[in-house]
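Q: Okay, here's what each chain looks like letter by letter:
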Amino acid sequence: MDDVKVRLLQALEQNHRITTKALATMLNLPEKEVKGMIKELEDVKVILGYITLIDWEKTGNNDNVTAIIDVKVTPQRDVGFDIIAERICRFPEVKSVYLMSGGYDLSVMIEGTSMKQVAFFVAEKLATLENVQSTATHFVLKKYKQDGIIFDEDQKDRRLVISP
Amino acid sequence: MKKSMEELPYSGIRKFFDLASGMRGVISLGVGEPDFVTPWHIREASVYSLEKGYTNYTSNCGLEELRREICRYLFRKFQLEYDYSREIIVTVGASEAIDIALRCVLEPGDEVIIPEPCFVSYKPCTVMAGGVPKSIFTREADHFKLRPEDLEKAITPRSKVLLMCYPNNPTGAVMIGKELQAIAQVVERYDLLVISDEIYSELTYEGEHVSFASLPGMKERTVLVNGFSKSFAMTGWRIGYTAAPEDITAAMLKIHQYTIMCAPIMGQMAAIEALKNGEGEIKRMAGQYDQRRNLIVNGLNQIGLPCFEPRGAFYAFPSIKLTGMSSQEFCEKLLKEEKVAVVPGDAFGESGEGYVRCSYAASVEQITEALNRMEKFVERHVKKRKTVYAVR
Ligand SMILES: Cc1ncc(COP(=O)(O)O)c(C=O)c1O
Numbered sequence: 000m001d002d003v004k005v006r007l008l009q010a011l012e013q014n015h016r017i018t019t020k021a022l023a024t025m026l027n028l029p030e031k032e033v034k035g036m037i038k039e040l041e042d043v044k045v046i047l048g049y050i051t052l053i054d055w056e057k058t059g060n061n062d063n064v065t066a067i068i069d070v071k072v073t074p075q076r077d078v079g080f081d082i083i084a085e086r087i088c089r090f091p092e093v094k095s096v097y098l099m100s101g102g103y104d105l106s107v108m109i110e111g112t113s114m115k116q117v118a119f120f121v122a123e124k125l126a127t128l129e130n131v132q133s134t135a136t137h138f139v140l141k142k143y144k145q146d147g148i149i150f151d152e153d154q155k156d157r158r159l160v161i162s163p
Numbered sequence: 000m001k002k003s004m005e006e007l008p009y010s011g012i013r014k015f016f017d018l019a020s021g022m023r024g025v026i027s028l029g030v031g032e033p034d035f036v037t038p039w040h041i042r043e044a045s046v047y048s049l050e051k052g053y054t055n056y057t058s059n060c061g062l063e064e065l066r067r068e069i070c071r072y073l074f075r076k077f078q079l080e081y082d083y084s085r086e087i088i089v090t091v092g093a094s095e096a097i098d099i100a101l102r103c104v105l106e107p108g109d110e111v112i113i114p115e116p117c118f119v120s121y122k123p124c125t126v127m128a129g130g131v132p133k134s135i136f137t138r139e140a141d142h143f144k145l146r147p148e149d150l151e152k153a154i155t156p157r158s159k160v161l162l163m164c165y166p167n168n169p170t171g172a173v174m175i176g177k178e179l180q181a182i183a184q185v186v187e188r189y190d191l192l193v194i195s196d197e198i199y200s201e202l203t204y205e206g207e208h209v210s211f212a213s214l215p216g217m218k219e220r221t222v223l224v225n226g227f228s229k230s231f232a233m234t235g236w237r238i239g240y241t242a243a244p245e246d247i248t249a250a251m252l253k254i255h256q257y258t259i260m261c262a263p264i265m266g267q268m269a270a271i272e273a274l275k276n277g278e279g280e281i282k283r284m285a286g287q288y289d290q291r292r293n294l295i296v297n298g299l300n301q302i303g304l305p306c307f308e309p310r311g312a313f314y315a316f317p318s319i320k321l322t323g324m325s326s327q328e329f330c331e332k333l334l335k336e337e338k339v340a341v342v343p344g345d346a347f348g349e350s351g352e353g354y355v356r357c358s359y360a361a362s363v364e365q366i367t368e369a370l371n372r373m374e375k376f377v378e379r380h381v382k383k384r385k386t387v388y389a390v391r
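Listed in order, the protein sequences are those of chains A and B.
Residues 0 to 163, numbered by numbering that gives the first Met the number 0, are exactly what the first sequence covers, in order.
Residues 0 to 391, numbered by numbering that gives the first Met the number 0, are exactly what the second sequence covers, in order.
Here are the simulated EDC-like cross-link-like pairs (lysine to aspartate or glutamate), alpha carbons at most 20 Å apart as the crow flies:
1) A/K155 / B/D34
2) A/K142 / A/D69
3) B/K282 / A/E12
4) A/K155 / B/E32
5) A/K155 / B/E368
6) A/K20 / B/D289
7) A/K71 / A/E85
8) A/K20 / B/E364
9) A/K155 / B/E364
10) A/K20 / B/E374
11) A/K4 / A/E39
12) A/K34 / A/E12
The set of hints was computed from the structure by calculation and includes no laboratory data.
Use the sequences and the hints to build the structure in full.
A: As structure tokens, then:
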């Protein structure tokens with residue numbers, strides 16, 4: 000992929016709310032071209048979506064719990080882990096699925112309304128899937144950093160207002 | 000107190016600083032330092048060194064490992080070969096480097112030729128070292144570059160030093176190899192010493208920075224000043240350095256030895272890490288500045304403050320002449336009416352009158368908002384002026 004596109008993606012990854020006009024100026028390109036590139040990158044699914052990182056804790060009405068489940072799977076002939084992973088992905092409770100190296104195979108992040116709900120989901124839906132050998136559930140107690148952003152980071156500008 | 004000190008003016012920025020610091024809700028484009036904090040790996044290296052108990056003095060000229068890294072860096076970047084043991088001094092910022100360089104070469108009455116607009120310390124440091132500053136006004140029409148003919152005109156029998164800075168604070172001007180070459184010829188002909196402040200060398204957006212010392216015959220007559228403040232976002236660490244011929248280095252080291260002893264070791268430790276592993280972070284930050292540069296230069300031109308394209312540092316230097324105001328007046332009014340802080344051009348010398356310095360070491364959001372506010376301001380004031388003309 001050419002350098003301009005990479006820079007465009009980097010800029011969008013940092014802040015997707017920036018206007019295409021500003022983006023175009025920053026990258027020194029015509030706005031039309033930037034719009035075209037974004038469209039193209041969306042079409043080929045290099046850009047998969049634009050999401051907002053929210054600290055739901057602060058809203059006061061979030062009782063959701065998150066858990067990370069280590070899943071051991073028996074890989075299948077020819078398709079390895081793909082079929083089972085895709086199957087797990089389809090559950091709306093599942094927020095992310097990664098194939099891992101090391102002691103287990105899939106790392107599955109689940110969000111539910113209560114610990115009980117998550118536990119039941121694992122016991123009834125996940126563990127019962129064919130080829131799943133075992134699961135280990137770890138509940139998330141507190142989030143400190145996600146997607147490169149530190150929760151509650153003190154980002155005060157400490158510089159003097161004017162300096163030479 | 001001695002009279003010369005009483006006569007020495009405060010920095011032109013100070014008055015403005017007092018005005019701006021009391022106000023709330025100000026967006027500042029008046030800051031001469033990066034808005035990034037020092038990259039974590041650099042901070043971490045310093046923390047680790049503290050944990051291990053590195054809290055002592057270092058040798059006067061700085062840690063050997065740091066001086067070796069500086070030499071490697073200068074070679075890697077500018078093909079400069081310096082001897083770490085005889086030609087490098089680690090200083091308390093480029094600020095100290097400029098001071099000791101001037102102090103060790105000037106006899107009372109020697110003239111220092113300074114292209115301006117320029118960094119605020121050059122003239123006072125010259126005066127404090129017993130020298131006489133001689134300004135050369137650079138012009139927007141020449142993209143604020145120093146012209147060899149202007150240099151030649153400024154030379155008198157007392158001329159000793161040319162003190163210059165490219166990429167430039169406050170204009171953002173850079174000088175390319177062949178332009179520097181033309182300067183070098185004059186320097187050679189009139190036997191000048193050059194103090195070349197290249198603190199913004201890493202922030203060069205088009206083409207590669209050329210170090211003045213790398214030109215043929217110039218290493219022997221150049222005190223190269225550089226540091227970590229701008230390129231590595233390390234202003235508070237106070238680490239800079241000089242690379243200079245052995246005899247000048249020895250002289251500078253005497254001043255440094257008796258007045259400073261050595262630069263702080265925690266900063267030196269951080270600087271070693273910066274040079275060893277900081278390349279990626281430098282690139283990342285410079286890439287960000289470059290995008291903001293496009294944003295601000297474009298924006299300023301659009302709102303009616305014509306701005307030549309700065310190719311280095313992180314400053315835009317638009318002309319405000321269309322508003323009919325002086326730089327000071329423009330900045331004060333802009334601050335009071337729209338709460339945007341920029342620095343009056345005349346703080347960087349008389350030739351900066353009619354301009355203001357806008358730093359783009361600020362976030363995209365801040366720059367965008369500042370430009371919106373400035374647009375309103377310009378509209379209001381330029382219109383008002385037009386009607387005044389109409390009435391006449
Ligand atoms: C042109 C120039 N030289 C030197 C300095 C001082 O840098 P340091 O922090 O290394 O003392 C600055 C800082 O603003 C500068 O702009």
